[in-house]
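These protein sequence lines map, in sequence, to chains C and W.
Per our numbering, the first sequence starts with residue 1, numbered consecutively.
Per our numbering, the second sequence starts with residue 1001, numbered consecutively.
Hints in this document: simulated from the structure, not taken from any laboratory.
Fair warning: this is a prediction, and the values are worked out from it, not measured in the lab.
A few of these clues could be false.
Unchecked claim - Pairwise CB distance ranges (calculated):
hint, chain 1, residue 1, chain 2, residue 2, range
1, C, Q60, W, Q1249, 27 to 33 Å
2, W, E1068, C, S58, 36 to 42 Å
3, C, T177, W, F1246, 16 to 22 Å
4, C, L91, W, Q1249, 48 to 54 Å
5, W, I1014, C, T43, 50 to 56 Å
6, W, F1246, C, F102, 31 to 37 Å
7, W, I1014, C, K17, 15 to 21 Å
8, C, T177, W, K1061, 33 to 39 Å
9, W, G1232, C, V155, 28 to 34 Å
10, W, G1232, C, S58, 42 to 48 Å
11, C, E89, W, L1229, 48 to 54 Å
12, C, F102, W, I1014, 52 to 58 Å
13, W, D1100, C, E55, 46 to 52 Å
14, C, Q60, W, L1229, 33 to 39 Å
The beta carbon of each residue, even a glycine, is placed where N, CA and C say it ideally should be.
As a plain string of letters, each chain reads:
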Amino acid sequence: MTVIHQIQFDSFLVSKKYFLRILAALFLLFTHFVSESFASANTVYIKGLGAVLREQPSIQSKKLTNLSRGTKVLVVESKGIWQKVESGENLGWLLRGQISKFPVKRKKLILGQKIQLQSASGRRIRLRTFSAVIGVRGLVDSKGKKISPYKTDYVALEWLEKQPSNEEISVIFLSFTE
Amino acid sequence: MAHFSKYLCLYIFIFSFVFAVSGQAQEFRLRAHHIFWKNQEAGTQREIDFGRGVSAKILGKYPLLRDERKVHYISQIGTGISAQLGRPELRYYFGILDTDEINAFAVPGGYIFVTMGALKLMRNEAQLAGVLAHELSHIGQKHIVRKLKLQSTDRSLTSGIAQVLGSSTLAAKIALERLNDIAFKMLMEEGLSKEDEADADQKALEMLITLGYDPQSYLNYLQSLKPHLAQGGAEVLSKTHPTIEFRYQSLSEFISRHQLDKIQGKKNEKRFKKIMAIP
């Protein structure tokens, strides 16, 4: 009985009329999913500070407005390294390096992130990341050989990480022209 | 049987219609997006953890220059570029390595190092911005991470390395340490692919134009590297990067393709020489 069933089902699939119907149904299902992602494919986000919308695709062109980080814009046209975008009432050109396909994420900061790990002797030690722990403890494998042949300097790295930095001030510093 | 097949078609039609019209499809998309997003967030954190380990090894090989004035200058130029054109989720760190060797390194997670030898070779701020932009685009394009197939770009959740990086067991730490060594070797010996370097050069040039710097200065810097590469003053650089001819050629093609040859910009030579104490 089941064999006959199978054969009949197969012939049904092969039958052109029904096959086309199923294809149409699947296509409908597919388009519902894809349509929205196509519609939003042109949506991009301003990823940096100081993005300037210009009238023409040229650096010397007139500035229309400044766009702030995270602004959602719509790409209308692209020409080489320039992209024509629409933002609210403004329509102008941006350089493609200034936009990102994904929404802007929060900044990840490592300072102040301390994780607790158990040392070999059972004493709790506090270090920032587990890679730091390995550097300090100088892990050895089962044969007593040091795992990494390279030297590390986490003290220097921490000095570097403590250096002050401010994005807004740096952008102004960079915009200076002699 | 004929009835069954007719109804099957009908069911598919009805199901697809109801699914799409009701909020189900939207919710499904939102949930998928959320999972992808969470995954990305964790990927960034792992990339930073990973980059710290590699950076510490670079600082173990070359001493860090602790000249606050110079470091602050480089950091301001670099942060200015990264704030506009870098990955907004990362905080970038810029360091100077106290060695006469000519090179610059980009480590995943936002750590960028330039050697004193390279700085001595530079003549203006546009060249410094160009080198930093080249390194920034290695991080922006996740070249090293991609080569190692770390979790942040590998979409599959079951990737072996992803589990290693996420876990905090001793075995995982050892595996991470091994991975750090591979990345360190990549920076010091193997280098990235020719295409990745050409891509970074092109992105750097684009960044210079975006920031109003003179793009020709970057090409001049590449040319000025040539005699030093021949003399062996940049052993690591010549091992890890394609030849200057190749890089120059690919940049020239890029310039002519996008008609960028007439663009001029600032060089800020005085400010650069003042801070770098070049007479």
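Hints, verified against the model:
{"no.": "1", "hint": "Q60(C) / Q1249(W): 27 to 33 Å", "result": "holds (28 Å)"}
{"no.": "2", "hint": "E1068(W) / S58(C): 36 to 42 Å", "result": "holds (39 Å)"}
{"no.": "3", "hint": "T177(C) / F1246(W): 16 to 22 Å", "result": "violated (33 Å)"}
{"no.": "4", "hint": "L91(C) / Q1249(W): 48 to 54 Å", "result": "violated (37 Å)"}
{"no.": "5", "hint": "I1014(W) / T43(C): 50 to 56 Å", "result": "violated (32 Å)"}
{"no.": "6", "hint": "F1246(W) / F102(C): 31 to 37 Å", "result": "holds (32 Å)"}
{"no.": "7", "hint": "I1014(W) / K17(C): 15 to 21 Å", "result": "holds (19 Å)"}
{"no.": "8", "hint": "T177(C) / K1061(W): 33 to 39 Å", "result": "holds (37 Å)"}
{"no.": "9", "hint": "G1232(W) / V155(C): 28 to 34 Å", "result": "holds (31 Å)"}
{"no.": "10", "hint": "G1232(W) / S58(C): 42 to 48 Å", "result": "holds (43 Å)"}
{"no.": "11", "hint": "E89(C) / L1229(W): 48 to 54 Å", "result": "holds (53 Å)"}
{"no.": "12", "hint": "F102(C) / I1014(W): 52 to 58 Å", "result": "violated (36 Å)"}
{"no.": "13", "hint": "D1100(W) / E55(C): 46 to 52 Å", "result": "holds (48 Å)"}
{"no.": "14", "hint": "Q60(C) / L1229(W): 33 to 39 Å", "result": "holds (36 Å)"}
Hint check: violations occur at hints 3, 4, 5, 12; the rest are consistent with the structure.
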